[in-house]
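Novice: Residues per chain, in single letters:
2 protein chains.
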Amino acid sequence: MSLSLLPFPLPAQAAAAPTPASVFGYSDFSKQAKIESKFLAVPDAKAAGEDLKTLTAEPHLAGTPEDQKTAEFVAKKFRAAGLDTEIVPYKVLMNQPKVVKVEAFTADGKPLMVGPQREEVPGDPFENNARVVMPFNGSSGSGDVKGDVVYANYGRLEDFDHLAEQHVDLHGKIVMVRYGQNFRGVKVYIAEQRGAAGVLIYSDPQDDGFFKGDAYPEGPWRPDSGVQRGSVQYLFKYPGDPETPGVASTADLPDAQRVNPEGNQPHIVSIPISYHDAAPILKALKGPSVPQSWQGALPFRYHVGPSGVKVHLVSQQDYQRRTIWDVIGKIKGTEQPDEWVVVGNHRDAWVYGAVDPNSGTAAMLESVHGVGALLKEGWRPKRTIVFASWDAEEEGLIGSTEWVEQHAQQLEHAVAYFNVDVAVSGPNFSAAAVPSLKQFVRQVAQAVPSPTSGETVYDSWRAHRNDTSEHRPANAPNDGDVRVGDLGSGSDFTPFLQHVGVPSTDIGSGGAYGVYHSVFDNYAWYTMNADPQFVYLQEMARVLGLEAIRMANTDVLPYDYAAYAREIASYLDAAKKKAADSKVSLDFAPALAAADRFAKSAQKARDAEDHPSGDVAKLNDALRQAEADLVTEAGLPNRPWYKHTIYAPGEYTGYAAVVIPGVNEAIEAKDPNRATQQLGVLTKCLDKAAQTLSGVR
Amino acid sequence: MSLSLLPFPLPAQAAAAPTPASVFGYSDFSKQAKIESKFLAVPDAKAAGEDLKTLTAEPHLAGTPEDQKTAEFVAKKFRAAGLDTEIVPYKVLMNQPKVVKVEAFTADGKPLMVGPQREEVPGDPFENNARVVMPFNGSSGSGDVKGDVVYANYGRLEDFDHLAEQHVDLHGKIVMVRYGQNFRGVKVYIAEQRGAAGVLIYSDPQDDGFFKGDAYPEGPWRPDSGVQRGSVQYLFKYPGDPETPGVASTADLPDAQRVNPEGNQPHIVSIPISYHDAAPILKALKGPSVPQSWQGALPFRYHVGPSGVKVHLVSQQDYQRRTIWDVIGKIKGTEQPDEWVVVGNHRDAWVYGAVDPNSGTAAMLESVHGVGALLKEGWRPKRTIVFASWDAEEEGLIGSTEWVEQHAQQLEHAVAYFNVDVAVSGPNFSAAAVPSLKQFVRQVAQAVPSPTSGETVYDSWRAHRNDTSEHRPANAPNDGDVRVGDLGSGSDFTPFLQHVGVPSTDIGSGGAYGVYHSVFDNYAWYTMNADPQFVYLQEMARVLGLEAIRMANTDVLPYDYAAYAREIASYLDAAKKKAADSKVSLDFAPALAAADRFAKSAQKARDAEDHPSGDVAKLNDALRQAEADLVTEAGLPNRPWYKHTIYAPGEYTGYAAVVIPGVNEAIEAKDPNRATQQLGVLTKCLDKAAQTLSGVR
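Those protein sequences? They're chains S and H, same order as listed.
Note that the working numbering has the first sequence beginning at 1, numbered continuously upward.
Note that the working numbering has the second sequence beginning at 1, numbered continuously upward.
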């Protein structure tokens, strides 16, 4: 469900990328270069396009028969490539909508609208399928409520705080918020905290509609009837099956081990709507005029309300334990079979999911195609490669989370998790990663030809480096190079990195994309707007596959802890400044000293990696252990599932990463005791990692 | 016609301002303090409101019988106050519309719209008067043209350049531009240069409509039918009667002395329209999608065109030499009768002109009321005070320009021109001035009570100092104090400062104001939105009157040339940087040295002003001469009417000032020869002014 928005030029022919002189992690790259060259020749644009067409032929919501059919298709492809393949079922609590209804009335009781309206535009060939699920929110509460409407902009903490300052009471109100700026679950989370009876979430044309460009079918942006479905799970508390935090929902899990799902779900009703449906309500709303930054692109001035305009919401959600299907395909490593390299993408979609997620699935299948070609020539990786097709990501990263929880112990030795979700919505490559892998991603991008020019993916990336991308935050220093973002949440890297500490990356190729989570994210939209020749699917297949085979065969694990240390130091500096600004009295000296020790050991490790002189297996163990040292068993305060001390999704952002979360969130809460305690935890972790790296050579 | 846009709080009761200990220009302020105190007690909010109601009872376009009636009303008020009053007629070339028609057609010839639509909203009591002139542009060409439409955003130079880069040919096209960012005459000027056959100028709701706030009558912003009339005269070439640049159009001026008016008028048709009329045309327009910053607030994506959408414009303009009426009221000075202090405001309006300009007229009449009360007690000013009610400002600053041209010689001794145009559209005071008078304006504002608090106008001004104001550019350093803007053009200070070198100020009190130059700028809108209790009219009457009586009685002319020198130095620094950036090779050393000499002399003069020890009359002569030294007889290249070397309206901005215009415009044109020559002119002027001030004591 991750999402990045970028404009794009037209694709041209791809050319071969140059063979690099030296590659981080390899003492002699020449043999690997030949393997990579063979690999890169295989992924095929046309074949990727055909897979995309097959995968998106029907709506395939998690847990439906059509979803199961796509699992079987992927498994067949995995097997054909020679992977040791199984379909892994889990039984997880998920809702499907029975009734969703929105009615609005003027202050004197006259009807304003009845919805939801159908999603429809002239000429779309996919919109009329009977299996298109009505717009709804995963994890929504059920209910039948009526109340006065209040408009709360994006539903950010500062938006709700502004309403509080203006003495707008939200108790019993229906809060109308627009999509954007944070994860939709956060909007509902705060609304519920403030006493709201229900939430309507609509897509304002300013954010992904006509204000940005031509709407589908004239262009790539959201038409008036397009609705963004999506989960409102409190994934910043914990993701996955709401009943089994920390435990895998295997078929044989006893009911006694399941918990009350309240911990990561709202209790109130929330319904996503189009701006076609939102407009008459917003137009009728009076009360104070909005702050200028709250004004959207609908053709009237917005008002905060309440002013007697009432909305009646009906939401009947059918919660059941439903079966989902991950597909796992393995290639056993010849030298370090326990050191897994995991490549993953989710397969389930709200509707057709041409971009989200099946551009990623099609790309991954062509990666598998390429690796399969190597296997057929007798090649075997040194480390085990695991390709994973996750299910029920949209409902809350469920398929990946359950699998990670099931394999937590083995994953302590996994050397990397390479995610792809929204692989292609346009031509602009971007990536997020733990700092230790940022240079690795850049080097892989340097080895793959760009379809738009005679140059590499990296070169195109550099050329559009000043563009902004919605879900790849800019708070990381970029070392003067192309920016690789930090990992927040919103896709399947979350359990790997933030629950068990596997170094992770996430890649994608972005563009103008206004049909996110709507019926219009389909094959027709894709071929019209994102990638008519499927050359970006080919590009993503190459990048993703190359990440896997390069990591699987590396001599030394290409983790750059010196870069990691620089980022952590900058996070501590920023937190110190924030504490001072917030007048939270804190002693940063021990943590800064530990960060300094970590930096010194990291530099020593980096030297050892560039010129390994001792036991490489021991060096690799230490390198892998250093990331594990940043994970604490206790987890974060109030959300123990999240165990990484450096990265977590923000409680009030959801998608965007909060860095050194224990410390920063305590400062934001103006809780000096908790902040001191969390600084202590962080100091211990940094010291542990410094200790781990200090012995390497 | 000047315009500033600011939000505003609610007014409260006024309190008395403290008497200042010392005032720049006065060796002993105690006597003057008593006079000022008496003056301040007179201007009355209710009386100002009544005058406003009388002045705006009928539409009073320049040259109409209703305009003449307002001249007689003002003259009666002047006489009642004891002013030596005359109505001064000029005979000037002006157009009035006979036919204005806009039709648009789709690419296949189907009608899209026929306009202009009437300006109407529910419940406005003024919109149905038969004398409301149909929307048109002063100085528009006549014609009957049809062509493909191209959208050019604000019609700025960079907008037209963007179209040229995109190979959009404008020859024979109808260019559709939106109001804002520059003077409308500039939009037409560039469109004509690029070959356009006609121009449609519309008001986008993003700039002064519903995007900014509630539209009239729910709020102060422009409703869908509201049209901004206005002159498209090339006032940056020269303002005033197009047939008599530099010469007064008195009734006895021989025809032989009139010139072809082409020098300051477009040849093509331009028509202003509402967004109600613009929307169907813009919506139908296809072709390339606009750059994001060109997107307005109408509810569809904008396109550049051309795409077959055609517009048919008919404009029949009745050009005639028409009589206009300035009203001039004098109070002869007792000691320096030749040193005039001129206070001016225009009286003519496009329609009712409640804000623009008659809030200024009502304020000025209460200033006159206050001065009249002093006269009745036997008070006489040391210098002559001239109150002026200008006519035909809207058509091109005509009334003021003709009068200044007629009295150019006497005005060499005028010590100040104090302008007020849009006096009140809300509560936020702002000012623009030559640098030598910036401190003077601030001191006057410190002496007047604010109606919103127990404090002074200056205090309120400081409190909203971080607000931005549309027509008061921020390029002047503010000495750490409230910002006083630079004088560009768009109101009657232009001939005084920029043609004959009279030190000038311009003041106003701004707020949310979306009905500029429409039928809705009327008494109903004013009392609903701008100033229901007329307390800001009272405030402006006090500030304006105090400027006059303080300047008229001052011992030493309160010109701060040290501040002037600092600003000129900063202008030279910026120009030097711009020349370097533009790779225009220029030797700034002589000009910088002259600026330095000017700064030293200016500081010496400032010391002499603070502690005058010699002949004060001689000191004052030198102080007045220094501003005159900055004026050249030759004028600016290609526009000799503009004679001031430091300030002119920008050729491509129109309203906003361009500083050291000869130099900066030569650099922008990448003409090093002209730039060198203009730097030489500037150097000579600065040396002359330095010389003038160096002898003072």
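Be a bit skeptical, because a hint or two may be false.
[Said to hold, decoys possible] With a straight-line Cα cutoff of 25 Å, these simulated SDA-like cross-link-like pairs (lysine to any residue) come out:
1) 283/H to 122/S
2) 286/S to 263/H
3) 286/H to 286/S
4) 643/H to 263/H
[Stated by the list, open to error] Simulated restraints, written as ranges between beta carbons of each label pair:
5) 528/H to 120/S: 20 to 28 Å
6) 120/H to 120/S: 52 to 60 Å
7) 31/S to 158/H: 34 to 42 Å
8) 312/S to 293/H: 34 to 42 Å
9) 288/S to 527/H: 17 to 25 Å
10) 158/H to 87/S: 54 to 62 Å
11) 158/H to 130/S: 47 to 55 Å
Hints listed in this document are in silico derivations from the structure and should not be mistaken for laboratory results.
Predicted model, so just to flag it, every value in this text is computed and none were measured.
Heads up, the beta-carbon is just placed ideally off N, CA and C, and yes, glycines get one too.
Novice: Work down the list of hints and note, for each, if the structure agrees.
Specialist: Checked hints:
1. As the CA atoms of residue 283/H and residue 122/S are separated by approximately 18 Å, the hinted pair is consistent with the 25 Å bound.
2. Taking the CA atoms of residue 286/S and residue 263/H, the gap is near 51 Å; set against the 25 Å cutoff, the hint is violated.
3. About 35 Å separates the Cα atoms of residue 286/H and residue 286/S, which puts this hinted pair outside 25 Å; it is violated.
4. A hinted pair counts as satisfied when its Cα atoms are at most 25 Å apart, and residue 643/H with residue 263/H qualifies at roughly 17 Å.
5. For residue 528/H and residue 120/S, the Cβ-Cβ distance of about 43 Å falls outside the hinted range of 20 to 28 Å, so the restraint is violated.
6. Checked against the given bound of 52 to 60 Å, the beta carbons of residue 120/H and residue 120/S, roughly 36 Å apart, lie outside it.
7. Hint check: residue 31/S to residue 158/H, Cβ distance near 55 Å, so the stated range 34 to 42 Å is violated.
8. Checking the proposed 34 to 42 Å range against residue 312/S and residue 293/H shows it holds: the Cβ atoms sit about 41 Å from each other.
9. For residue 288/S paired with residue 527/H, a C-beta distance near 22 Å keeps the hint of 17 to 25 Å intact.
10. Between residue 158/H and residue 87/S the beta carbon distance is about 59 Å. The supplied range of 54 to 62 Å therefore holds.
11. At roughly 52 Å, the beta-carbon separation of residue 158/H and residue 130/S lies within the given 47 to 55 Å, and the hint holds.
Hints 2, 3, 5, 6 and 7, counting from the list given before, are not met by this structure.
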